[in-house]
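Engineer: Letter by letter, the chains look like this.
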Amino acid sequence: MNDATRPDLTMFLASSVHDMKNSISMMIGTLQEIVGKADPESHPHYRDMAHMLYETQRINGNLIQLLTLYKFDNDLYPFSPDSVALADFVREAQSHVQTLLDSKQIAFEADLAPDLYGEFDQDLVTGVIVHAMNNAANYTRDRIRLAVAEIDGELEFRVEDNGRGFPKAMIEEGAAAMRGTDFGTGSTGLGLYFSAVVAKMHRNRNQRGSIRLENGGRLGGGCFVLRLP
Amino acid sequence: MTSPRTPFGGAATDYELFANSAFLIVDDFQGMRSMLSSLVRACGAGAKMIDTAANGTEAITMLGRRRYDVVLCDFNLGSGKNGQQVLEEARVMNLIGPACCWLMVTAEKSTETFMGTAEIQPDAYLIKPITEAVLTARLHKIKARKQAFVDIDAAMAAKDFLKAIRLCDERAKTDRANAVDLLRVKCQLLVQAGQLDKAKQAYESILASRDIPWAQLGLARAHHQAGDLERARDILEQLVDRNRSYLEAYDWLSRTYRALGDKDKAESVLARALALSPNSHTRQQALGEVALELGKLDAAEKAFRKSVTLSEHSALKKPDPFLGLARTASAKADPGEALKVLEQLQGTFDNEEVRLRAKAVEGMVHQQNGDPVAARRVAQELSGMLERAAVHLDSTSTREVAGLMFATGENGKAIELLEAEVMNNPDDRTLLESVQQIFNKAGLDSQGAAVIEKTRGEALTLMNQGVLLAREERFEEAIAAMRHAREKMPKNVRVLLNAAYVTITHMQRGHFDQALAREARKCLLEANQLAPAEPRFAQLLAALEALAKDARH
Numbered sequence: 001m002n003d004a005t006r007p008d009l010t011m012f013l014a015s016s017v018h019d020m021k022n023s024i025s026m027m028i029g030t031l032q033e034i035v036g037k038a039d040p041e042s043h044p045h046y047r048d049m050a051h052m053l054y055e056t057q058r059i060n061g062n063l064i065q066l067l068t069l070y071k072f073d074n075d076l077y078p079f080s081p082d083s084v085a086l087a088d089f090v091r092e093a094q095s096h097v098q099t100l101l102d103s104k105q106i107a108f109e110a111d112l113a114p115d116l117y118g119e120f121d122q123d124l125v126t127g128v129i130v131h132a133m134n135n136a137a138n139y140t141r142d143r144i145r146l147a148v149a150e151i152d153g154e155l156e157f158r159v160e161d162n163g164r165g166f167p168k169a170m171i172e173e174g175a176a177a178m179r180g181t182d183f184g185t186g187s188t189g190l191g192l193y194f195s196a197v198v199a200k201m202h203r204n205r206n207q208r209g210s211i212r213l214e215n216g217g218r219l220g221g222g223c224f225v226l227r228l229p
Numbered sequence: 230m231t232s233p234r235t236p237f238g239g240a241a242t243d244y245e246l247f248a249n250s251a252f253l254i255v256d257d258f259q260g261m262r263s264m265l266s267s268l269v270r271a272c273g274a275g276a277k278m279i280d281t282a283a284n285g286t287e288a289i290t291m292l293g294r295r296r297y298d299v300v301l302c303d304f305n306l307g308s309g310k311n312g313q314q315v316l317e318e319a320r321v322m323n324l325i326g327p328a329c330c331w332l333m334v335t336a337e338k339s340t341e342t343f344m345g346t347a348e349i350q351p352d353a354y355l356i357k358p359i360t361e362a363v364l365t366a367r368l369h370k371i372k373a374r375k376q377a378f379v380d381i382d383a384a385m386a387a388k389d390f391l392k393a394i395r396l397c398d399e400r401a402k403t404d405r406a407n408a409v410d411l412l413r414v415k416c417q418l419l420v421q422a423g424q425l426d427k428a429k430q431a432y433e434s435i436l437a438s439r440d441i442p443w444a445q446l447g448l449a450r451a452h453h454q455a456g457d458l459e460r461a462r463d464i465l466e467q468l469v470d471r472n473r474s475y476l477e478a479y480d481w482l483s484r485t486y487r488a489l490g491d492k493d494k495a496e497s498v499l500a501r502a503l504a505l506s507p508n509s510h511t512r513q514q515a516l517g518e519v520a521l522e523l524g525k526l527d528a529a530e531k532a533f534r535k536s537v538t539l540s541e542h543s544a545l546k547k548p549d550p551f552l553g554l555a556r557t558a559s560a561k562a563d564p565g566e567a568l569k570v571l572e573q574l575q576g577t578f579d580n581e582e583v584r585l586r587a588k589a590v591e592g593m594v595h596q597q598n599g600d601p602v603a604a605r606r607v608a609q610e611l612s613g614m615l616e617r618a619a620v621h622l623d624s625t626s627t628r629e630v631a632g633l634m635f636a637t638g639e640n641g642k643a644i645e646l647l648e649a650e651v652m653n654n655p656d657d658r659t660l661l662e663s664v665q666q667i668f669n670k671a672g673l674d675s676q677g678a679a680v681i682e683k684t685r686g687e688a689l690t691l692m693n694q695g696v697l698l699a700r701e702e703r704f705e706e707a708i709a710a711m712r713h714a715r716e717k718m719p720k721n722v723r724v725l726l727n728a729a730y731v732t733i734t735h736m737q738r739g740h741f742d743q744a745l746a747r748e749a750r751k752c753l754l755e756a757n758q759l760a761p762a763e764p765r766f767a768q769l770l771a772a773l774e775a776l777a778k779d780a781r782h
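Same order as they appear, the protein sequences are chains A and B. FYI, in this note's numbering the residues of the first sequence are 1 to 229. FYI, in this note's numbering the residues of the second sequence are 230 to 782.
Think of the hints as simulated: they come from the structure by calculation, not from any bench. Check before you lean on any hint, since a few could be wrong.
[Claimed, not checked] What follows is a list of derived Cβ distance ranges for each label pair:
1. A/Arg179 - B/Asp657: 53 to 63 Å
2. B/Ala347 - A/Ser23: 23 to 33 Å
3. B/Gly260 - A/Asn74: 28 to 38 Å
4. B/His621 - A/Ser23: 48 to 58 Å
5. A/Asp8 - B/Glu616: 49 to 59 Å
6. A/Asn74 - B/Arg712: 55 to 65 Å
7. A/Arg205 - B/Glu348: 32 to 42 Å
8. A/Met20 - B/Pro327: 31 to 41 Å
9. A/Asp8 - B/Gly672: 47 to 57 Å
[To be verified] Restricting the straight-line Cα-Cα distance to at most 20 Å, the calculated cross-link-like pairs of lysine to any residue (SDA-like) are:
10. A/Lys71 - B/Ser339
11. A/Lys71 - B/Glu477
12. A/Lys71 - B/Arg501
13. B/Lys531 - B/Lys546
14. B/Lys670 - B/Thr625
15. A/Lys37 - B/Ser266
16. B/Lys372 - A/Asp88
17. B/Lys372 - B/Pro327
18. B/Lys492 - B/Ser663
19. B/Lys370 - A/Glu119
20. B/Lys402 - A/Gly118
21. B/Lys370 - A/Leu116
22. A/Lys37 - B/Ser267
23. B/Lys375 - B/Asp352
24. B/Lys402 - A/Asp115
Backbone N, C-alpha and C define an ideal beta-carbon position, used for all residues, glycine too.
Produce the entire structure from the sequences given, and follow the hints as far as they go.
Structural biologist: In structure tokens, the structure reads:
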């Protein structure tokens, strides 16, 4: 094979990630159905299956992030901000993690004004918030709160938990991801980087979106905060 | 009675949304089909209300048998039609009504699957994995949107743009959930109604509070329509710079450059858009045309070929890429290939207009490749076909035929065709110039100028006669004069609008008549077909609607 006929390897990467995404979507659907129907008390493998669902969702999240970042770089992502009813948004985001939360007996609470609307790319922001909630599910004691509010003309999303909070180094990583300097390591790095890129894609006038990690909030644990102009 | 339990504690309406609806699930993977079926069942749908199809052909068959309320269709259906093409065919063949909710399912969001520029669009895109809550929320949203737009869509279908605008305004006062869509549609309607200043104002006031890409695109389109091409270009350049995957903006930017006469830029902008999304047959066709005009024959051939291949399974396929391909082959001195393509074209489309257009290109192929005898034979055949034809050829084809007639010595026929073109478009400078060039090419410069001058004068007299008579309140004579003018110039927009104007004014003086109202409406709709966004159209149609309404009371 000479160089002229050698295919672009990044294309293979992108297309096989696409293929994997299809398979994983199916696995998630099936697992959600099984875990949803199984009785936590009596089913012998309930905890294992719930954990498998969590891992599958993590892989799916990572794949989406990788694929989307690849598309951003090549101008192949159809960025489509639209008017979104936040009540719907929260309900949909919750549905992606509900089975997981049930299996871990984590209580979920949503906090937003009933008639709140925002202008953003629903698919991207769902990806960011679901990632944050999955993360919170892993570190919380038994509660997660998703709050959305309009603050100073910006839309603020908060994912809060009642766990022990983020270590100091992690909060630094959040800030670094926004600066675009240092992305830490492993999947935390990818998730934060993705979230920061999505936030910054949302612009209005001279303002850009942002993310940050902090401790405290209403539940006293870790908080992931996304702000969109 | 207790309300049925629904997922995620939704209201009973969630359940009703599913319980009484017929679903079609289209996916090429068995596993996905059964998963989506059980998802829809979990939402409350009855098992007998769910059908599945494994590919596009099967889906079309199913859609022909039953009226579905909801279609969940995967974009990627393996070989054959993709989801977008199934949707297009279903709409074109009227297999789904306006109330049907079409949800396009994709594994990921990309410029390839997200057909922001397509003429026919699904009601929503769903990205896998889909949950009950996602499906329920999206269906609610679509239903609410369809509900909000019932009257507006009806007014739009009747081309009553001013009424549709009024309805958008009224609805927007109370409907927060659809406020943005209503505003967007209203702005588009203002452009369609030719109220460009109002449209610009509306877009600018949106942009004053927020940078919204669709509003920027809309503003550019309004400037384009108003003839302020430089302004449109500047807005669009900035738009694609900040939104690099906004394909529709590239299409308009290319159109704007073409209108500005900068074909090189028009080509490079299209090439950029195609690098991002190569699978649009209309965009490939547009690229082929510009490349052909620039004499870049290899590029033109490649683009036309792609357009033909891409539209193979599309219900919206057009003869144009075949014709482009034949013209390109001819320009490459390959008449055999050109004629083969024309044959292929007529095997794909079977109608009179296509036969005429193919014939015109066939003659040109012979003429261009040194076979004047064959060209002359084709020209004579074409003359006969045109005499008998029940359809009018479009302006570009007519000019092409005229060129062929000159080249083969059929000057009388050529002049007759060009006179009709001038009669129909006496105010269109670009067209008049192109007619003059056809004369020049035949070495008939001064005769051409004289013919154009004389024909234009004749047209203008006929066009204004009716209006002058109407000014003297001689309405019956005015209507007769306009009928005569329409016979002479059936595609003259001003004649059609003036005819409608005198007829409507006559009826406004207390002479309402069903037959006259029908005649006026026919004139208006023909004018709108020829020249969309003509402001007089919207005003006259509104006046006619008011008359018809009074007559009913």
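Engineer: All the hints need checking, so say for each whether the structure fits it.
Structural biologist: Hint check:
1. Here the CB-CB span from A/Arg179 to B/Asp657 is close to 57 Å, well matched to the stated 53 to 63 Å.
2. Taking the beta carbon of each, B/Ala347 and A/Ser23 are about 28 Å apart, inside 23 to 33 Å as hinted.
3. Our hint of 28 to 38 Å for B/Gly260 and A/Asn74 holds, since their Cβ atoms are close to 30 Å apart.
4. Separated by about 54 Å at the C-beta atoms, B/His621 and A/Ser23 satisfy the suggested range of 48 to 58 Å.
5. At roughly 56 Å, the beta-carbon separation of A/Asp8 and B/Glu616 lies within the given 49 to 59 Å, and the hint holds.
6. With their beta carbons about 59 Å apart, A/Asn74 and B/Arg712 fall inside the hinted range of 55 to 65 Å.
7. Distance hint check: the CB atoms of A/Arg205 and B/Glu348 are about 33 Å apart, consistent with the given range 32 to 42 Å.
8. Hint check: A/Met20 to B/Pro327, Cβ distance near 38 Å, so the stated range 31 to 41 Å holds.
9. In this structure the supplied range 47 to 57 Å holds for A/Asp8 paired with B/Gly672, their Cβ-Cβ distance being about 54 Å.
10. For the hint pairing A/Lys71 with B/Ser339, the CA-to-CA distance comes to about 8 Å; that is within 20 Å, so the pair holds.
11. For the hint linking A/Lys71 to B/Glu477, the alpha-carbon distance of about 18 Å falls within 20 Å, and the restraint holds.
12. Distance restraint check for A/Lys71 and B/Arg501: the Cα-Cα separation of roughly 15 Å lies within the 20 Å cut-off, and the hinted pair is therefore satisfied.
13. Using a Cα cut-off of 20 Å, the hinted pair B/Lys531 and B/Lys546 holds, with the two alpha carbons roughly 17 Å apart.
14. Distance hint between B/Lys670 and B/Thr625 is fulfilled; the C-alpha atoms sit about 16 Å from each other, no more than 20 Å.
15. For the hint pairing A/Lys37 with B/Ser266, the CA-to-CA distance comes to about 16 Å; that is within 20 Å, so the pair holds.
16. As the CA atoms of B/Lys372 and A/Asp88 are separated by approximately 14 Å, the hinted pair is consistent with the 20 Å bound.
17. Annotation: proposed proximity of B/Lys372 to B/Pro327 holds, straight-line Cα distance about 11 Å (limit 20 Å).
18. Between B/Lys492 and B/Ser663 the CA atoms are separated by roughly 17 Å; this keeps the pair inside 20 Å, and the hint holds.
19. For the hint linking B/Lys370 to A/Glu119, the alpha-carbon distance of about 16 Å falls within 20 Å, and the restraint holds.
20. Restraint check: the Cα-Cα separation between B/Lys402 and A/Gly118 comes to about 18 Å, which is no more than 20 Å; the hinted pair holds.
21. Among the hinted pairs, B/Lys370 with A/Leu116 is consistent with the structure: their alpha-carbon atoms are about 15 Å apart, no more than 20 Å.
22. Restraint check for A/Lys37 and B/Ser267: the C-alpha separation of about 13 Å stays at or below 20 Å, so the hint holds.
23. For the suggested pair B/Lys375 and B/Asp352, the alpha carbons sit about 9 Å apart, so the restraint of at most 20 Å is met.
24. For a cut-off of 20 Å, the pair hint linking B/Lys402 to A/Asp115 stands: about 15 Å separates their Cα positions.
In summary, this structure violates none of the numbered hints.
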